[in-house]
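Engineer: Sequence:
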Amino acid sequence: MSFTVREMLTINSLSSALLISGKNGLDKDIANIMVMEAPDVEKWLTPGQVLLSSFYSLQNETPENLASFIAKLADYQTSGLIIKKDRFIEKIPRGIVEACEQYDLPLIQISENTPYSTIILEVMQILFNEKVRLLDYYHDIHHKFTRLALEQPSLSDIAYMLAELIHCPISLLDYNKKCLLTTKEHCTDFTVLNSIPVKKESYMNYSYDRQSVRSNSHSDHIFTQLIVKIPNIGNDFHYLVINELDKTLNDLDIMAIENAVSFLQMELIKKFAISEVQQNFRNDIIDDLMTNKFSSKESMYEAASVLNLQPNKKYRIVVTQLIHSIEKPTLNIEETAIDKQQDKRFIKLCQTYWQDLVYRIRSNRIIFIMSANNQTDDEFKQEFEQHFLSILQKMETKLNVYRVGISDETTIDEFHFYSLQALKIIQQVGRFKATSFIMNYQDLGFYRFLYEITDSSKLKELIPSKLLLLYQKEPELVETLHAYLDHNKNLTKSAEALYVHPKTMRYRINKIMKFCELDMDNPEDILSYNIGLRVLPILISQKESSVI
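Every number in our numbering is 671 more than the matching position in the sequence shown, counting from 1.
If you're looking for bench data, these hints aren't it; they were derived computationally from the structure. Accuracy of the hints is not assured; some may be wrong.
Stated by the list, open to error - For lysine to aspartate or glutamate, the following DMTMM-like pairs were computed, each having C-alpha atoms within a straight-line distance of at most 25 Å:
| no. | residue 1 | residue 2 |
| --- | --- | --- |
| 1 | Lys-985 | Glu-947 |
| 2 | Lys-871 | Asp-955 |
| 3 | Lys-815 | Glu-915 |
| 4 | Lys-870 | Asp-775 |
| 5 | Lys-984 | Asp-1084 |
| 6 | Lys-942 | Asp-922 |
| 7 | Lys-870 | Glu-929 |
| 8 | Lys-968 | Glu-1080 |
| 9 | Lys-1160 | Glu-1147 |
Given the sequences, and given the hints that come with them, work out the whole structure.
Structural biologist: This is the structure we're talking about:
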């Protein structure tokens, strides 16, 4: 508990002291007390100090300088000023009295017979006793939580112990502020009205906010909450919420909360570590299903059962890429995928819509195994897109581009084939489409025909020979032609897409037309080159560029 100026005035050595001004500051906390006989206080002053002075060094200062000095004390959060009336100062200057009143700085006058040492000794004894009391309480609370930790408690056990110690309802929220557990149900349904940071004290290891909230079930019920962020591995975190329904938390309560947060953090880290091991095991099974590494169907079905996948059920493989930024479209797009932690938060949001979701996070994509639900291709895509876009709206990190490929229906036996089907969609379409898309295999149309050609020589036959030669000599001109045809031969728009000047674009197009003997007014030539420009990335992706 704090020790205030008001309480200090009750000590024996200040029994005859007079409060001259600054009565509105009597409830300021005291952290220290010291003698001040020099005007350069900014060199050593700290918040919460009470100053003792005879004002000897300031006795000849002007009223303006004295007022400025008091303003400086207030700025450094001085808690009080005690002036001894003696031969150096018979009457406290009016400017000091008025300035102390203005800044709510308690100004206390003592007689010349009152020793500084007696005042300092009494005040420091109280402060010391308070520190000892806080330390004893901290050790007692820490011992209780340590004893509980030896019993392998759940998160709920820790929360209920804290609620019992501080006599306030407790709630634990996840990253999305969804309630994981609470010691009092009606405290979880509220609307935040405002929130302000709590000043950090020396015994606080965590950061706190105090927010005012209104109950959604009782609109006239407004109360405050203390909320603290609990860090976890990988910059993930949870929130501990303490509801101040019938009391305002004091220093002892904060110490109990500090201990609880530390032990909650340890339990969350332990749960995280266990979940990582479990997920790695699941990942190995998914990888084996996607690459058909099982020696028999029986072993395949046995492994799939760990993921709650059933042999006679229909599924779809959905491959997603979530990208922060993307360069202008080229044949070799450079991508920046979102970080691993954001991937996990994305998964948590997905699980609110698809509870039986099976997933695999890779470095640049996420693979979903989802129930087909007896839906047509369009029905499945429409429902997926609706939920997917809602999830992206809730993501903390906004995406520039997302890509989604949805396979046809499949069973466990053919996961290896249909996972490639979904992957091909985002790999190949992403080579010529820089904007976001959600596609199923049927949406590919003409491209389905291309992707199903496994003989690279057959693909090569679809590409004009001059286009292949142009790619060998000046691949950037292939990019130029691609942009020009994609923008309906509009020089200005295609130049903007490639971030070049229209004159540069015109020069390049003339060079291409001359090299390829291409007639831009001939529909057959345009069709042939449009097809070739779309086949070329597929040929390159098959790693057959060496034969071009």
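Engineer: Next step is simple, just say for each hint if it's right about the structure.
Structural biologist: Quick rundown of the hints versus the structure:
{"no.": "1", "hint": "Lys-985 x Glu-947", "in the structure": "violated (28 Å)"}
{"no.": "2", "hint": "Lys-871 x Asp-955", "in the structure": "violated (46 Å)"}
{"no.": "3", "hint": "Lys-815 x Glu-915", "in the structure": "holds (23 Å)"}
{"no.": "4", "hint": "Lys-870 x Asp-775", "in the structure": "holds (20 Å)"}
{"no.": "5", "hint": "Lys-984 x Asp-1084", "in the structure": "holds (11 Å)"}
{"no.": "6", "hint": "Lys-942 x Asp-922", "in the structure": "violated (30 Å)"}
{"no.": "7", "hint": "Lys-870 x Glu-929", "in the structure": "holds (15 Å)"}
{"no.": "8", "hint": "Lys-968 x Glu-1080", "in the structure": "holds (19 Å)"}
{"no.": "9", "hint": "Lys-1160 x Glu-1147", "in the structure": "holds (17 Å)"}
In summary, the numbered hints that this structure violates are 1, 2, 6.
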